Amino acid sequence: MEEIWGRCCSMDKYDRLLVIGDIHGKWERFKSVYDKVGFNPEKDLIVFLGDYLDRGDAPVPVMEWVMEHYGQKNMVFLRGNHEQMFYDAFLEVQRSDGHNAFSLNSSLARWLVNGGQITYEEIRKTGRKDELISNWLRLIAKLPLCTEVVVNDQTYWFMHANCNPDLPLAEQDDVDLLWRRTLAERPELHCGEQIIVLGHTPVQALGYEAKPQWLQNGRLVLMDTGSYLDSTSPLGLGRISCADLLSGEIYQSAV
Numbered sequence: 073m074e075e076i077w078g079r080c081c082s083m084d085k086y087d088r089l090l091v092i093g094d095i096h097g098k099w100e101r102f103k104s105v106y107d108k109v110g111f112n113p114e115k116d117l118i119v120f121l122g123d124y125l126d127r128g129d130a131p132v133p134v135m136e137w138v139m140e141h142y143g144q145k146n147m148v149f150l151r152g153n154h155e156q157m158f159y160d161a162f163l164e165v166q167r168s169d170g171h172n173a174f175s176l177n178s179s180l181a182r183w184l185v186n187g188g189q190i191t192y193e194e195i196r197k198t199g200r201k202d203e204l205i206s207n208w209l210r211l212i213a214k215l216p217l218c219t220e221v222v223v224n225d226q227t228y229w230f231m232h233a234n235c236n237p238d239l240p241l242a243e244q245d246d247v248d249l250l251w252r253r254t255l256a257e258r259p260e261l262h263c264g265e266q267i268i269v270l271g272h273t274p275v276q277a278l279g280y281e282a283k284p285q286w287l288q289n290g291r292l293v294l295m296d297t298g299s300y301l302d303s304t305s306p307l308g309l310g311r312i313s314c315a316d317l318l319s320g321e322i323y324q325s326a327v
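Residue numbering for the sequence shown follows our numbering, beginning at 73 and increasing consecutively.
Take the hints with a grain of salt, since some may be wrong.
What the hints assert, rightly or not - Below, in silico cross-link-like pairs of lysine-lysine (DSSO-like), each with a Cα-Cα straight-line distance of 27 Å or less:
no. : residue 1 : residue 2
1   : K115      : K214
2   : K145      : K103
3   : K145      : K214
4   : K103      : K283
5   : K108      : K145
6   : K115      : K283
7   : K214      : K103
To be verified - Pairwise CB distance ranges (calculated):
no. : residue 1 : residue 2 : range
8   : V185      : Q226      : 38 to 46 Å
9   : P240      : E193      : 38 to 46 Å
10  : Q166      : E136      : 20 to 28 Å
11  : Q189      : C263      : 36 to 44 Å
12  : A326      : P240      : 34 to 42 Å
In short, the hints are calculated from the structure, not lab data.
Computed from a predicted structure; not experimentally measured.
We put the beta carbon where it would ideally sit given N, CA and C, even for glycine.
Make the full structure from the sequences, and use the hints.
If you want it as structure tokens, here you go:
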């Protein structure tokens with residue numbers, strides 16, 4: 073895989089610094105919020121925090137949209153833990169020629185029980201399973217785990233799950249960036265000057281309403297608003313959210 077982090081140039085000339093939280097295969101919700109945003113690559117930069125697939129009922133159009141837009145001007149796509157699980161699962165299958173792929177302790181089994189089952193079934197239904205899996209694996213290998221953006225002398229750090237605010241991005245731990253929830257659960261641990269932007273942990277699970285949360289005097293931003301949650305969830309209906317970090321404007325999907 074490529075190095076875990078990437079640096080964006082100064083964004084002083086752009087109007088909006090946009091970030092979108094977890095999508096989790098909810099295509100209609102994603103399209104509704106993306107259309108509201110009206111992203112303009114000549115004036116804006118947009119960062120996606122990962123977890124594009126799994127749990128939601130329409131992963132294939134999300135997958136195809138991300139692959140189509142990756143590399144386009146001023147669009148930054150990060151890797152989430154669900155991309156990492158997908159990558160680990162199918163890399164293991166390829167290396168083992170399928171032997172013991174479905175053992176209880178395999179990477180494939182881990183992915184399937186963490187929301188990957190519906191993704192696999194929807195990919196299989198297309199009749200292009202091998203092509204889609206191969207193309208998605210190649211894309212995941214290119215996705216950084218974190219990135220830094222500087223706007224008007226303010227530094228922003230973006231990653232899917234968590235980080236150590238006291239370490240440079242290049243020295244961050246992969247497990248932190250992809251899996252842990254330390255800062256989301258204990259925001260007081262962030263005392264630095266950089267603005268840290270996270271997905272991964274639904275804000276509803278932390279007791280907040282379903283919209284992006286600015287904590288620690290705006291130095292910590294939580295963007296996961298439970299994209300895949302439906303009316304049966306004890307946390308209530310989720311949404312996919314986008315925020316302009318410069319103005320504080322919030323855009324949300326229809327439920």
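Okay, the hints, checked on the actual structure:
no.: 1; hint: K115 with K214; result: 25 Å, holds
no.: 2; hint: K145 with K103; result: 19 Å, holds
no.: 3; hint: K145 with K214; result: 16 Å, holds
no.: 4; hint: K103 with K283; result: 17 Å, holds
no.: 5; hint: K108 with K145; result: 19 Å, holds
no.: 6; hint: K115 with K283; result: 25 Å, holds
no.: 7; hint: K214 with K103; result: 24 Å, holds
no.: 8; hint: V185 with Q226: 38 to 46 Å; result: 41 Å, holds
no.: 9; hint: P240 with E193: 38 to 46 Å; result: 41 Å, holds
no.: 10; hint: Q166 with E136: 20 to 28 Å; result: 22 Å, holds
no.: 11; hint: Q189 with C263: 36 to 44 Å; result: 41 Å, holds
no.: 12; hint: A326 with P240: 34 to 42 Å; result: 40 Å, holds
Against the hints set out earlier in the document, no violation occurs for any number.
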